[in-house]
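Number of protein chains: 2
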Amino acid sequence: MEKKNSGTVGVKEIARLANVSIGTVDRVLNNRVGVSEKTKAKILKIIEELNYQPNIFARRLASKKKLRFATLIPQTSSETKYWEAPLNGIQQAANEIKDFGIEVIPFFFDQNDKATFKEGASKISAGEFDGVLMAPMFEDESIAFIEECNDKKIPLVFINSDIPGHNNLCYIGPNLYQSGYLSAHIVNYLSPANKKTLIVNISKEIDLHHHLLRKEEGFRNYFEQNGSTNELTKIDIQQTGYAHIQEKLAKQLAKEKYDVVFVTNSRVSTVAKYFEENKINDIKLIGYDFLEDNINYLKNKTIDFLICQKPQEQGYRGLMSLYYHLVLHANIEKEQFMPIDIITKENYQYYSN
Amino acid sequence: MEKKNSGTVGVKEIARLANVSIGTVDRVLNNRVGVSEKTKAKILKIIEELNYQPNIFARRLASKKKLRFATLIPQTSSETKYWEAPLNGIQQAANEIKDFGIEVIPFFFDQNDKATFKEGASKISAGEFDGVLMAPMFEDESIAFIEECNDKKIPLVFINSDIPGHNNLCYIGPNLYQSGYLSAHIVNYLSPANKKTLIVNISKEIDLHHHLLRKEEGFRNYFEQNGSTNELTKIDIQQTGYAHIQEKLAKQLAKEKYDVVFVTNSRVSTVAKYFEENKINDIKLIGYDFLEDNINYLKNKTIDFLICQKPQEQGYRGLMSLYYHLVLHANIEKEQFMPIDIITKENYQYYSN
DNA sequence: ACTAATTTCGTGTACGTTACCGTTAACCAA
DNA sequence: TTGGTTAACGGTAACGTACACGAAATTAGT
Chain A
1 MEKKNSGTVG VKEIARLANV SIGTVDRVLN NRVGVSEKTK AKILKIIEEL NYQPNIFARR
61 LASKKKLRFA TLIPQTSSET KYWEAPLNGI QQAANEIKDF GIEVIPFFFD QNDKATFKEG
121 ASKISAGEFD GVLMAPMFED ESIAFIEECN DKKIPLVFIN SDIPGHNNLC YIGPNLYQSG
181 YLSAHIVNYL SPANKKTLIV NISKEIDLHH HLLRKEEGFR NYFEQNGSTN ELTKIDIQQT
241 GYAHIQEKLA KQLAKEKYDV VFVTNSRVST VAKYFEENKI NDIKLIGYDF LEDNINYLKN
301 KTIDFLICQK PQEQGYRGLM SLYYHLVLHA NIEKEQFMPI DIITKENYQY YSN
Chain B
1 MEKKNSGTVG VKEIARLANV SIGTVDRVLN NRVGVSEKTK AKILKIIEEL NYQPNIFARR
61 LASKKKLRFA TLIPQTSSET KYWEAPLNGI QQAANEIKDF GIEVIPFFFD QNDKATFKEG
121 ASKISAGEFD GVLMAPMFED ESIAFIEECN DKKIPLVFIN SDIPGHNNLC YIGPNLYQSG
181 YLSAHIVNYL SPANKKTLIV NISKEIDLHH HLLRKEEGFR NYFEQNGSTN ELTKIDIQQT
241 GYAHIQEKLA KQLAKEKYDV VFVTNSRVST VAKYFEENKI NDIKLIGYDF LEDNINYLKN
301 KTIDFLICQK PQEQGYRGLM SLYYHLVLHA NIEKEQFMPI DIITKENYQY YSN
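Heads up: the sequence lines are chains A and B, in that order.
Going by my numbering, the first sequence opens with residue 1, and the numbers climb by one from there.
Going by my numbering, the second sequence opens with residue 1, and the numbers climb by one from there.
Possibly wrong hints are sitting among the right ones.
As the list claims (entries may be wrong) - Taking lysine-lysine pairs in the DSS-like style, the calculated list, with each CA pair at most 27 Å apart, reads: (1) B:K234 to B:K257; (2) B:K301 to A:K284; (3) B:K98 to A:K66.
As the list claims (entries may be wrong) - Here's a subset of chain B near chain A, in silico, CB distances under 7 Å, partners left out: (4) I46; (5) Y181; (6) H185; (7) P339.
What the hints assert, rightly or not - Facing chain A, according to a computed beta carbon distance under 10 Å, are these residues of chain B, among others: (8) N51; (9) Y52; (10) F57; (11) R59; (12) L67; (13) R68; (14) S183; (15) N281; (16) E346.
Quick caveat, the hints were computed from the structure, so don't treat them as lab data.
Heads up, the beta-carbon is just placed ideally off N, CA and C, and yes, glycines get one too.
Please construct the entire structure, taking both the sequences and the accompanying hints into account.
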């Protein structure tokens, strides 16, 4: 804004103005040792006045610095392909920043096996990384690893779920409570006025439950706060096999007549399968995530709404945040909540994960 | 993928292998004149074999090439601030690519005055630009300008609305038909089963009407195709002042009792104002765009749903497409439809325009 | 065959930084 | 004084590419 020629001031000019060599300027720029406080101050002042911006191209060309990032997320299982999306985002980001001397090495764990998480974490610890992106699914195991990273001053970003209060670079993911709240808001628009809603939690690992509970909390609170007469029932299904889910659903649906079923995670397609097989089409079905199975049931109207929170962008922005922090020294928003997207039969075609 | 040391092969290595100097290699790389077919073929072959990727940093550092892009979009009026968002996107992109030697100069026109559009277009023609981004609102005037650009081989990208069949780089914006279709889909979920819906078109310039008509078409077709019993009425309001809109609405709403009002553009806030003043709260209201006024009416529940199509990203991606095309020689998707986002009281907080 | 015109190619410098190596000078101990 | 140590700084070769200039080689013209 100051001067039009601000693009052309470099170390050489700074050195000239400060009556030192460019070597000295370089030292204060990269705050290395070997320069007296006096000249350092003088140079800093000139840099300030000139609003010097280092030329990133020259920098990259001359620098041989390399950074290594590690990622630790669940592997995509046959059960759910949700984690494909964050991985895609990670790979996209990795590709964009590899020219800047950054190497990204992914590690995976099994959502149903804490041991594999610990294993991955210790590999990363041993691997001398400069930054880590992780999905902190298991609370206790995560905290141990987090503290280790804190000790080593390795910046850490969380995606998909948060462990609040633990010092790290940032969290990128959904606001779970609000996303449940939104689902309730949509349910509220669905006919009729006094309806019965069934909440379905499907999850094997008990640790992952707090994740679902926050959504459920938001969902319930909506109706309380808006004085609705909606009647809520909930069932927990702790086995993810279809036979078991089928049995549980059949039992529950025999008991009562529901207007809406709200599935708190991406397993909604399993419920949709049950609906389809049993020709249930008078119950509205709402669930989570832009997965192929889910989209198919959206197409044939078995599922009415999907809520989605840009899993791919979570991976992408997670890595980019590390990059911005470590390379550009930008400061990073501590909590980056993803949009809560509503997907239906008529807009899924254009959705970008 | 081939070799691990693929990062270290440059013109020098190519020159060595081809028994020529780096000058010659440089000539074929930038396909300049002055190299015989024979040696050119030899060098090209080596480049192919080595899968040579030029170092973008060294390239930018050494090059003093500059590109100039022009943008031509409506100015933000007091009537609607819609175009603030694309402009923001443009500025963001401009900022990101300015280090790559690209200068972006914005031009504006008045949506209600074709003359200003022509004026802007001729300024751009005179300005020797290398790429143009525009909102082709006025069809005839746009086509004249488009042909001029085609003659000069200047790539052109359209945002927000398209003029199909005219040769240009790409279109980035909504699929209007589908976005009307989606609105109808939402309306269909709203109680009760047999409802009366009022479609409201508010627009001064008759030229912009085809824009709105496509949405209306999608909206109507939904009900036809889904065999719904929804009863549709439509009014056109060609003055944008509140008094006039008020009068038209009052007259129409007195005639009949409607369940839903669908406003085909961002002027939905004006209708909301009328609803609020007249304490109408039993009619669902749906409209377009993430604007402050609209959001306020969303908050207080006067507006039920807003449809939004990432106007900021349209500007951003528009400029980036020019950049990718001209600098990186990437090939660009001809039609880039934006997501059709559904915004309600409970998810607007996290929406990113 | 000789010169002129033209095509084809090589060399050198510049771009702004980084990082290493060398130089100075200042200080202290012997 | 001398020698040695070290903090403070200068100088400069890279990094890979662009481009101008001029040399060399080829072709054309007589």
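How the hints compare with the structure:
Note on B:K234 and B:K257: the hinted pairing holds, with a Cα-Cα distance of about 14 Å set against a maximum of 27 Å. Distance restraint check for B:K301 and A:K284: the Cα-Cα separation of roughly 23 Å lies within the 27 Å cut-off, and the hinted pair is therefore satisfied. The straight-line distance between the Cα atoms of B:K98 and A:K66 is roughly 25 Å, inside the 27 Å bound, and the hint therefore holds. Here the hint on B:I46 is broken, as its CB sits about 22 Å from the closest CB of chain A, past 7 Å.
About 6 Å separates the beta-carbon of B:Y181 from the nearest beta-carbon of chain A, less than 7 Å, and the hint is met. For B:H185, the interface hint holds, the least distance from its beta-carbon to any beta-carbon of chain A being 4 Å, beneath 7 Å. Among the interface hints, the one on B:P339 holds; its C-beta lies about 5 Å from the nearest C-beta in chain A, closer than the 7 Å criterion. Interface hint status for B:N51: violated, as the beta-carbon distance to the closest one in chain A is roughly 15 Å, over 10 Å.
Because the smallest distance between the Cβ of B:Y52 and any Cβ of chain A comes to about 14 Å, over 10 Å, the interface hint for this residue is violated. Nearest Cβ of chain A to the Cβ of B:F57: about 4 Å, under the 10 Å cut. The hint holds. For B:R59, the interface hint holds, since its Cβ comes within 10 Å of a Cβ in chain A; the closest pair sits about 8 Å apart. This hint is violated: B:L67 has a C-beta 15 Å from the nearest C-beta of chain A, more than the 10 Å allowed.
Because the beta carbon of B:R68 sits about 15 Å from the nearest beta carbon in chain A, more than 10 Å, this interface hint is broken. Here the hint on B:S183 is kept, as its CB sits about 9 Å from the closest CB of chain A, short of 10 Å. Interface restraint check: B:N281 against chain A, minimum CB-CB distance 14 Å, threshold 10 Å, status violated. Checking B:E346 against chain A by beta carbon gives a least distance of about 4 Å; that is within 10 Å, so the hint holds.
Consistency with the previously given hints fails for numbers 4, 8, 9, 12, 13, 15, ordered from lowest to highest.
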